[in-house]
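Going line by line, the protein sequences match chains L and P.
Residue numbers 1 to 240, in the UniProt record's numbering, belong to the letters of the first sequence in order.
Residue numbers 1 to 265, in the UniProt record's numbering, belong to the letters of the second sequence in order.
These are computed hints drawn from the structure, not numbers from a lab.
Keep in mind that the hints are not guaranteed to be accurate.
Claimed, not checked - Keeping only pairs whose Cα atoms sit at most 30 Å apart, straight-line, the calculated DSSO-like set for lysine-lysine is:
1) P:K118 <-> P:K148
2) L:K197 <-> P:K256
3) P:K234 <-> L:K197
4) L:K197 <-> P:K118
5) P:K63 <-> P:K94
6) L:K196 <-> P:K61
7) P:K256 <-> L:K130
8) P:K94 <-> L:K188
9) L:K116 <-> P:K256
10) L:K196 <-> P:K63
11) P:K61 <-> L:K183
12) P:K192 <-> L:K188
13) L:K116 <-> L:K197
14) P:K118 <-> P:K149
15) P:K94 <-> L:K196
16) L:K196 <-> P:K234
17) P:K234 <-> P:K192
18) L:K197 <-> P:K61
19) L:K130 <-> L:K183
20) P:K234 <-> P:K256
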Amino acid sequence: MSYSTALPTHHQTHNPLTDAYHGKSAETRHLKPNELSTGTTIMAIAFSSGVVLCADSRVSTGTYIANRASDKISQLHDHIWCCRSGSAADTQALTDYVRHYLGQLAVETGRVPEVKVAAHLMRRLCYENKDNLMAGVIVGGWDPVEGGSVYNIPLGGACMSMPFAIGGSGSTYIYGLVDSEFKEGMTKEEAVALCKKAVSHAMSRDGSSGGIIRTCVVTGDGCEREYVSGNRLPYGPAGW
Amino acid sequence: MSLSLQAGGSATRALSSTAPSATTSHTTSPITTGTSVLAIKYRSGVLLAADTLVSYGSMAKYKNARRLLPINSSTLIGGSGEYSDLQSVTELLKRNALEDRCTADSLYNEESNEECAKEVWSYLRAVMYNRRSKMNPLWNDLVVAGFKKNEDGTISDEPFLGLVDKIGTAYEDDILATGFGSYIALPLMREKYRPDMEEGEARALLEDCLRILFYRDCRALNRVQIAKVTRDGKCLVSEPYELDTYWDFKGFVNSKAGLGTDGGW
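Working from the sequences, and respecting the hints, build out all of it.
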């Protein structure tokens with residue numbers, strides 16, 4: 001069984017020697033001219049009565065920070081949100097589509113849509129268009145059937161339900177930290193604190209993540225959005 | 001294949017050895033890199049500024065690295081680009097300075113045989129151009145700061161600020177910046193510059209530029225160093241310290257990705 005590669009295939013081979021002369025660094029070769037990327041750190045944790053979603057705020061084109069305070073946590077429905085990573089344009093388009101379909105579904109069924117359905121809608125779009133998209137998404141939310149749930153949808157369009165999820169370029173730096181500090185059955189406060197701590201550690205080491213930390217806590221009662229200023233992060237950015 | 005401590009790289013060894021297999025040297029992309037260096041002349045001399053981050057690709061790997069380095073008692077260099085090449089250049093210049101001290105006429109006057117900043121800058125131009133001509137550049141943009149020499153060999157009152165880039169281009173100016181700094185900081189410095197600025201003013205200007213670079217350059221950090229060379233022969237490099245940053249604009253704080261929006265920018 002063969003899988004297409006997660007990253008878009010290059011039609012022309014590039015020579016690192018000439019690429020350096022033509023100004024194409026290793027990080028930006030895959031981007032089209034002027035394309036924006038959310039090199040990012042995103043995270044979500046499901047706790048007893050809901051989920052917390054967390055993200056940094058840096059949007060970069062190559063090494064220029066196009067937006068230092070963007071909002072990467074987008075609302076899909078009343079109690080369903082998603083964290084976006086990868087190409088900013090691709091994830092915004094995906095968010096628009098899923099919002100549209102979810103809204104339609106809610107009207108047609110007369111019910112609160114389940115997070116599972118939102119995640120699978122997102123997955124269908126990511127999978128069927130995998131050759132043209134570069135998007136890693138974490139869908140998290142609350143519904144009356146399952147309570148809080150988190151779904152990780154990485155580059156190829158797989159969809160995995162998990163108790164916590166991390167994604168984006170900065171996530172590689174915090175796998176160890178999150179693996180050692182996560183535990184089942186955390187309270188809301190513990191989950192939020194872990195998210196903020198882990199994301200600030202990732203922001204401190206990943207050049208493509210930074211700025212402020214945004215969180216969104218989704219429970220049956222609604223959503224609370226919070227903001228941690230870039231000079232009051234739990235850790236860093238300078239660190240050691 | 002055996003390893004060698006000989007300087008010059010595998011190309012020089014290939015030329016001088018009689019072995020049939022010869023590795024060719026080639027231009028490689030930089031691996032550990034430093035970002036912008038800023039420099040400005042002010043009333044009593046020259047100020048240099050840089051952050052203390054050395055990146056490993058997109059990773060912020062070394063956050064306490066020194067990119068502003070004294071060469072002799074009256075010359076400073078600041079380097080951006082490949083950090084290993086900066087260390088190599090610094091060693092070379094320090095070796096020259098040591099040799100100058102050892103071969104001086106006077107044993108007691110430490111500064112009698114020192115090269116002035118302009119001489120160091122000229123020497124570096126030759127070094128960088130020579131390496132580029134061998135298609136194996138030192139991947140740095142170097143700023144040289146200090147003073148010029150008078151006709152009689154004494155250090156003059158006139159401050160000197162020069163830049164040498166990786167292909168051997170060399171120029172001098174009152175305000176210099178490398179990397180991202182040349183796009184973002186240079187216009188700001190040029191607007192605020194006056195030839196007789198006080199140290200406090202010049203420092204505030206440099207700190208402001210470093211802060212803006214931290215906002216807009218993915219490879220920048222808010223831990224920075226400032227260094228100065230003054231007319232009375234003092235060459236000082238500060239300890240690293242952290243800049244404060246501002247994030248509380250209303251447009252930043254308010255979330256923008258609710259249901260009624262286009263997905264959040």
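Status of the hints after comparison with the structure:
At roughly 6 Å between alpha-carbon atoms, P:K118 and P:K148 fall within 30 Å of each other, so this suggested pair holds. The suggested pairing of L:K197 with P:K256 holds, with an alpha-carbon distance near 23 Å, which does not exceed 30 Å. Restraint check for P:K234 and L:K197: the C-alpha separation of about 43 Å exceeds 30 Å, so the hint is violated. For the suggested pair L:K197 and P:K118, the alpha carbons sit about 49 Å apart, so the restraint of at most 30 Å is broken.
Note on P:K63 and P:K94: the hinted pairing holds, with a Cα-Cα distance of about 24 Å set against a maximum of 30 Å. Restraint check for L:K196 and P:K61: satisfied, since their Cα atoms lie roughly 21 Å apart, inside the 30 Å limit. Of the supplied pair hints, the one linking P:K256 and L:K130 holds, its CA atoms being roughly 27 Å apart against a limit of 30 Å. With a C-alpha separation of about 57 Å, the suggested pairing of P:K94 with L:K188 is violated against the 30 Å cut-off.
Restraint check for L:K116 and P:K256: satisfied, since their Cα atoms lie roughly 24 Å apart, inside the 30 Å limit. Distance hint between L:K196 and P:K63 is fulfilled; the C-alpha atoms sit about 21 Å from each other, no more than 30 Å. Taken as a hint, the P:K61 and L:K183 pair is honoured in the structure, with Cα atoms around 29 Å apart against an allowance of 30 Å. A hinted pair counts as satisfied when its Cα atoms are at most 30 Å apart, and P:K192 with L:K188 does not qualify at roughly 50 Å.
A threshold of 30 Å between alpha carbons decides the hint, and for L:K116 with L:K197 the separation of about 27 Å falls inside it, so the pair holds. Of the pairs offered as hints, the one joining P:K118 and P:K149 holds, with about 8 Å between alpha carbons and a cut-off of 30 Å not exceeded. At roughly 45 Å between alpha-carbon atoms, P:K94 and L:K196 are farther apart than 30 Å, so this suggested pair is violated. A threshold of 30 Å between alpha carbons decides the hint, and for L:K196 with P:K234 the separation of about 45 Å lies outside it, so the pair is violated.
Of the supplied pair hints, the one linking P:K234 and P:K192 holds, its CA atoms being roughly 25 Å apart against a limit of 30 Å. Restraint check: the Cα-Cα separation between L:K197 and P:K61 comes to about 19 Å, which is no more than 30 Å; the hinted pair holds. Between L:K130 and L:K183, the direct Cα distance comes to roughly 33 Å. Violation of the 30 Å bound is thereby established for this hinted pair. Proximity of P:K234 to P:K256 is assessed by CA-CA distance (about 52 Å); at most 30 Å being required, the pair is judged violated.
Checked against the numbered hints listed earlier, the structure breaks hints 3, 4, 8, 12, 15, 16, 19 and 20; every other hint is satisfied.
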